[in-house]
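Got chain A sorted already, so can you dock chain B onto it with the hints?
Chains as they are written, first to last, in the working numbering: chain A, 1270 to 1382; chain B, 79 to 191.
Worth flagging that the hints you see were computed from the coordinates, not collected in a lab. Be careful, since some hints might not be right.
Straight line, CA to CA, 20 Å or less: simulated EDC-like cross-link-like pairs of lysine to aspartate or glutamate [claimed, not checked]:
#1 Lys1272/A - Glu157/B
#2 Lys135/B - Asp116/B
#3 Lys1272/A - Glu131/B
#4 Lys135/B - Glu79/B
#5 Lys1323/A - Glu1377/A
#6 Lys1381/A - Glu1286/A
Just so you have them, the derived chain B footprint on chain A, three or more residues with Cβ under 8 Å [said to hold, decoys possible]:
#7 1305-1312
#8 1372-1379
Glycine included, every Cβ here is placed at the ideal spot set by N, Cα and C.
Below are the chains, spelled out letter by letter.
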Amino acid sequence: LAKTTQPISMDSYEGQEVNITCSHNNIATNDYITWYQQFPSQGPRFIIQGYKTKVTNEVASLFIPADRKSSTLSLPRVSLSDTAVYYCLVGTDIYNQGGKLIFGQGTELSVKP
Amino acid sequence: EAQVTQNPRYLITVTGKKLTVTCSQNMNHEYMSWYRQDPGLGLRQIYYSMNVEVTDKGDVPEGYKVSRKEKRNFPLILESPSPNQTSLYFCASRTVGSNQPQHFGDGTRLSIL
Chain A
1270 LAKTTQPISM DSYEGQEVNI TCSHNNIATN DYITWYQQFP SQGPRFIIQG YKTKVTNEVA
1330 SLFIPADRKS STLSLPRVSL SDTAVYYCLV GTDIYNQGGK LIFGQGTELS VKP
Chain B
79 EAQVTQNPRY LITVTGKKLT VTCSQNMNHE YMSWYRQDPG LGLRQIYYSM NVEVTDKGDV
139 PEGYKVSRKE KRNFPLILES PSPNQTSLYF CASRTVGSNQ PQHFGDGTRL SIL
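The shape of chain A in the complex, shown without the other chains (with noise of 0.2 Å):
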């Protein structure tokens, strides 16, 4: 299974774009990238999925390199609604890998007025 890395916590102010980069050296062929996010007291909520290039949803972008060792979750022009943390995920299908899934220790986000 793939670990990741990601920063710890990053500062943003409302209105401007973050980038979080995870770091996912070990990838694996059929692995896919997740990314979730979690409000204080709540179960983590599915974002993003991507496998290689870029993939677009209404939240957010997901960038991925061509060696997809990394992988960039990119939130536009963020509001004080998204200070959460933010995990990356690497697997692939649950057959394949066990059933195993492995969380990082997450980016807390903080967006200030």
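Below, chain B without anything else, positioned relative to chain A:
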């Protein structure tokens, strides 16, 4: 509404008194999992289940038991709770295949005195 429901949401109890945290999902998901979350340690997987009657250990299984007699339910059992099991617990479920994301419950905060 698709959801993962945990009960109780909060519990304060004493060392050695057996307790069960229930988890139920209404999405017909094959895979279910339990995590604990502690400050500075992120989410750590306790046990998971690939389907009915199929369970396996995650990274921190000591002191916990699980069962999967029905597809929708995955209770977490603490036979003899100890203070080091004071934590925030999350149950999650997902379908297998196609790299589907996990759906998390809202958490159960356990305090073992």
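Results for each hint:
Pair hint Lys1272/A plus Glu157/B does not hold up; C-alpha atoms about 32 Å apart against a cutoff of 20 Å. For the suggested pair Lys135/B and Asp116/B, the alpha carbons sit about 19 Å apart, so the restraint of at most 20 Å is met. Restraint check: the Cα-Cα separation between Lys1272/A and Glu131/B comes to about 29 Å, which exceeds 20 Å; the hinted pair is violated. A C-alpha spacing of about 30 Å is found between Lys135/B and Glu79/B, which places the hinted pair above 20 Å, so the restraint is violated.
Straight-line distance between C-alpha atoms of Lys1323/A and Glu1377/A comes to about 23 Å, which puts the hinted pair past the 20 Å bound. For the suggested pair Lys1381/A and Glu1286/A, the alpha carbons sit about 13 Å apart, so the restraint of at most 20 Å is met. Only residues whose beta carbon comes within less than 8 Å of a beta carbon in chain B count, and the region 1305-1312 of chain A has 4; three or more means the coverage holds. Check on the region 1372-1379 of chain A: 4 of its residues sit with their Cβ under 8 Å from a Cβ of chain B, so the three-residue criterion for coverage holds.
Checked against the numbered hints listed earlier, the structure breaks hints 1, 3, 4 and 5; every other hint is satisfied.
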